[in-house]
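**Student:** Work out the full structure, taking the sequences as your base and the hints as a guide.
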Amino acid sequence: MTESIDLINRRTFMIGTAAFAGGFVVACKTGGNRSDVKGLGETLQAIAAIKFPNAWVAVTKDGQILYTLDRVEMGQGTMTSHASIVAEELGIEPNKVIVQFAPPAKIYFNPGYGAQATGGTTSLSGSWQPLRLAAAATREMLTAGGAQKMGVNVKECVCEKGKIVHKPTGKDVKFADIAQFTAENIKAPSAPLPKPMSSYKTLGKSVKRLDSPDKVVGKAVYGIDVKVEGMLIACVARPGAHGAKVTSFDDAKAKEYMQANGGGGEIVQIASGVACITKHFWTSKKAADLVTMQAAGGIDPSFDGNLGKLVEAKGLATAPAVSVTKKGDAAAALSTGTKVEATYEVPYAPHQTLEPQNCTAHYDGTKLTIWCPTQIPDGVQGIGTRITGLAAANVIVNQTLIGGGFGRRLSLDFVAEAVEISFKIKKPVKLIWTREDDVRHDVYRPAMVHVMKGAVSGGKIAAWNQRIIGQSMGVAISKDSLTTVLPALVDGDKINFLGRVVQLTASKQVILDPFSVEGAKDSAYAMATQNVDYHYVETGVPIGYWRSVGHFHTGFAGECFVNELAAAANKDPLAFREGLTGGNDRMVGVLRKVREMSSWADAATGPDEAKRAKGVASHACFGSFCAIVTQIALVSGKLRVEKVWAAIDVGFAVNPDIVRQQVEGSVIFGLTSALKQKITFKDGATVESNFNNSDLLRLNYTPDIIVELVNDKAQGIAPTGIGEVAVPSIAPSLINAISRAGGETLRSLPIAMALTPMVHVASTGTNPGNGTDTGNGTDTGTGTDAGTGTGTGTGTGETPVGNPVADAAWKSVEQNCKTSGCHSNYKDLKWMVEKKKVKPGSVEESKIIIRIKDDADMPQNEDGEPIPMPAAALKALEDWITAGAPTPG
Amino acid sequence: MAQFKVNGEGKTVDGPDDMPLLWALRDNLGLTGTKYGCGTGLCGACTVNMDGAATKSCQVKLKDCGGASVQTIEGLGTENSMHVVQKAWLEENVSQCGYCQPGQIMAAAVLLAGNKNPSDKDIDEAMSSNLCRCGTYPRIRKAVKRAAELMSAGG
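Each protein sequence line maps, in turn, to chains A and B.
Residue numbering for the first sequence follows the working numbering, starting at 1 and increasing by one per position.
Residue numbering for the second sequence follows the working numbering, starting at 1001 and increasing by one per position.
These are computed hints drawn from the structure, not numbers from a lab.
Predicted model, so just to flag it, every value in this text is computed and none were measured.
In this text, a Cβ means the ideal position worked out from N, Cα and C, and glycines have one as well.
Hints are not guaranteed to be accurate.
Unchecked claim - Partial selection, computed: residues in chain A whose CB lies under 10 Å from chain B: (1) PHE109; (2) ASP211; (3) SER457; (4) GLN661; (5) GLY665.
**Tutor:** Quick look at the structure:
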C-alpha cells in the first residue's frame, strides 16, 4: 500500500544545476494508497526503475515520462497545462506524460508564498520558466545519450515522439532503449535551453484536458472518494456560533441511534465539536444530528453581517486609518469640478465548493497518513505534526483531485478535525462535512465597505478618495498559518516564514496587508490626485481566500465608481476608460477588443421590447488584463443577464481553450456572487445552510458568454494566469448596464432585483419573460448545529487596542530580537518595533508600511543564510502574533 | 435492507431504511462516481437513472429502492466505450473540477433518451436542477446539443 521513492540516494538522479532551486535534488516521497492519483497505477510499480529525474520530470526505465505536479488540480487545468509544457520540450504528446501530485517538499514551494500553495493565479506563471528548464534538461540529456549510443553527432539529433532521431541517416533509438544508458553516462547540462516559442507544436494549441476522460466516466478520485482499508466515517456536531466552544454535550441519543443501527462506532470530543464515527456516512451524520450541546463564547451575537450598518454606527468612514496611496491633495481637489460620493458594500460570501470539505487521516501510533483535497499540502503536513507531535517525515500527505477550490482549501480546519479524530481513536477515518457544515462553517469572503468621494473635471478624474473598511486577510491568514504551515518547517525556513507572517500581521493597532487593498493601491487610471486608506475592523467572523481575494471588492468598488464618475462627466464609460489608460497598452488593448466584440456603439438588441443596455468594467490583476461588457434586459422590473463579452490578455496562452473555460467559469462565479450570495448571522451563527437559501447561478439563468483573447499568440509575453482574472469585472459591468438601462445605480451586492431566466432566441423565439427565479427547491435545512450557548465575543467594530497579552508578547519579541544578533528577519522585526513608535496614520507609518508591502522577497542577511533565532524568541513571536489580533470568545 | 439492480447486476444492501440510495451506492457498493453535494436534492451531483428517470439519489430512501433498476455513471460507459454524452463532454471540453459532471451527464443521458433533439428550453428544464460551481453551463448546453448530433449520426 505504501511506496516510498527516495531519489536523493541515487547518484544518477542528481541533476545538479543551478536551475533547480539551488542545485539540489530533494527526496521525492510518495506514500499511501495511490489509487487517488490519476494515471499512476502500475506505473508506480515500475518506479523503482526511475532513471534520471529531477524533482519534476523523471524518465522511467521503460522510457515513460513521469511529471510530478507541484500545484494542485482543482479544475483550473494545471495538470494539462503543465504536462503540455513537459511534452513540448520532449517532443511527445501531452497525454503521454504521466502526472502525479507532488508530496510536501521545499523544492515544490510556490516561490511567491514560501509554502507549497496553489493560489493567486500563479500555477502557470510561476512554473513557466522552471518547468521548461527542467524538461529541456531532460531532453538535452536524452538527446546526448541517444547520440552517444548511436555514435553520431548530438548536434544532428532531435528528440521527438519518444525517440532520439539522427536526422541525416534517419537512425533512431527509443527513450526506453537509452534511459539507463543516459542516466549512467550523461551529465546534466549546466544551462539547459528551452525550445524557442516559434517552434511550438503543442503549446498555444487547445489540447483537450488530460483529466477529462476519468472525470466523465466517474473514475476520477476526489478526496471524498478515498478508500482506506478499515476506514470509518466521521461527522462532527459543532456549536453554531463562530468562535464558540463546547462547554457540555449530551450524546445519549446519538449512542442509542448508533447501537440500534449497526452497533459499534465511537463518539469523541474534539476542539471544534463532537465527532460521531461509524462505518457509514449516513449513520454518522444521523448520530451527529442527535448530539445536543451547550457552548460559550463566540462572536458578538448582535452582529448580523451587515458591515455597512456597523460602519455607520461606529463612524468608521472617518475613523483613523492606514494610508495606502497618497498622491496630491485629493481631499482638497474635491472642490474642483463635479463631485460624486458613493458607498459600496460587498457582503460575506461562501465558497460552496461542490465537493464538501473532507479529509481522510490514519494515525497508527508512529505515522500519520493523510489523503485530502487541499491547496496547500505542506500546511496539511504542518497540522499533522502539530496535532500528533510526529516529525514531518512521519506525516505523509497524499494530494487528491479537488472538487472545486476557489481558495477554500487553503484553510485547513477540516484537516485538523480529521487528524484529531484519528489521533484519538488510532484508526483510519474519513471526515465528511455535510453541505450545512460547509455553508455554516466556511471561511467567508470578508464583507468590505468602500467609501468613495471623487470629482471629475474636464472629462478627467480630478479627485479620488477611497476609504476601505473591513476585516484583515493578513490577520486571518497569519493566525491560520501558524497552525498549518509553520509546524512543518524547520530552522531557517521557520524564521523566514514567521517573518512573512509578521509582515502580514503588522501590528495589532494598524493592520494593512496586500490582500485587503490589492487592486486599489495602483489604479489603472490617470488621476490628478488619489488618496486611498484602510481602516481595520474586527468582527471575529472567520474569513479566508475567495477567488480573486482583495481584487473582488476593490475591483467592484473602483469600477462602479469609475462608471459613476463617467456618468457625472457625461462621458461614455468605455471611452472614459480609454481616455484614462493611455499609458497602459495592454489595458487599452482589452478595452478596444471588448468594444469591437460587443458592438459597443450599437444599441442592445434582444428577442422582445424590454429595456436593454450594455455596461462595462475592466480590471487588471494577477498580471493579466480583463475587460467585460455585459448586456442586460429589464423585463417587467425583473433583471435578465443576456450576454457577456470578455476580452482577456494573459500574454501567451499555453492552452487557449482552458483560458476560455476559466473565463466562462469566472464570469459565472462572479455572477453568482453578484446575484445570489450573502451570508448573514443570527446569535453569532450563520443563517444560511444549503442551496435552498444560498443558491448558485443555474444553467437557465446563464447568459451567453463570448470570450476573446488578446496577445495570446504573443511570443514575447510570458503567460501570466487566468484562474481569477475575470471574476472582479462582472459585477460592476452588470451594475453599469442596469443603470444605463434606466434602472437604479446599485452600490451593494448581491443585486436586490428579481431575476428572470435567459431566453435563447434560436430555440424558443418567444418571450417567457414572466418566469421567476426557480430552481431553489424548498427549505429543507437539515441542521446539525445545536446549542449555540451565549455569545460573549470581543466587541465588534472597535479597532483593538490595549491587548495586554499582545503587548507583553511583543515586548518579549522585541527583547529577544535585540539580543539574538543578526538573524534573517531582524530588520523586519525592527520595522515593527519602529512602527510601534510612530503615530497611526502618520506619514512615517506609511513609509514603514510601504517598505513592508513592497518587499516581495524574503529578507536575508548578508550571506543569504538565515541565522537561527533563539527558541524563546520564536515562541514569543508566535505568542505575539496569536495575541495580536482579537480572538473571538 | 433492499434488493435492486445497479448497472444491470442484482444487489442487496443492508442499512437503515431511511439511508439514501446515494450512500448505499457510495458506502455499501463502492460506486463513488455518484457524488454527494447537498443531501437535499438541490444540486444534482447525485443524479442517477432510476427506472428511466433522472433521479436525485440523495432523496430516495433505501426502503423505497426494492425492485428498482438503477444506472450510475459507472454503468453508462467506460473509458474505452463511452456513451455519446460522455463523448460530447470530451469534445466540448466541459469538465473543470469535474465533481458535478457525473450527475450532469446522467441527467443529460436521460434527457436524450426521451428527446432526440432537445431545444434550449428542454435543456433548461432538464439540466437546471444540476449545479456546477466551476460554471461549465455554456459548455454543458453545447455538449447536450453535440450529443444529440452524435446520436442522430449513429454515434
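**Student:** The structure should be examined with respect to each hint, and the outcome stated for every one.
**Tutor:** Hints and how they fare:
1. PHE109: violated (24 Å)
2. ASP211: holds (7 Å)
3. SER457: violated (41 Å)
4. GLN661: Holds, about 6 Å.
5. GLY665: Since the shortest Cβ distance to chain B is 4 Å, the answer is holds.
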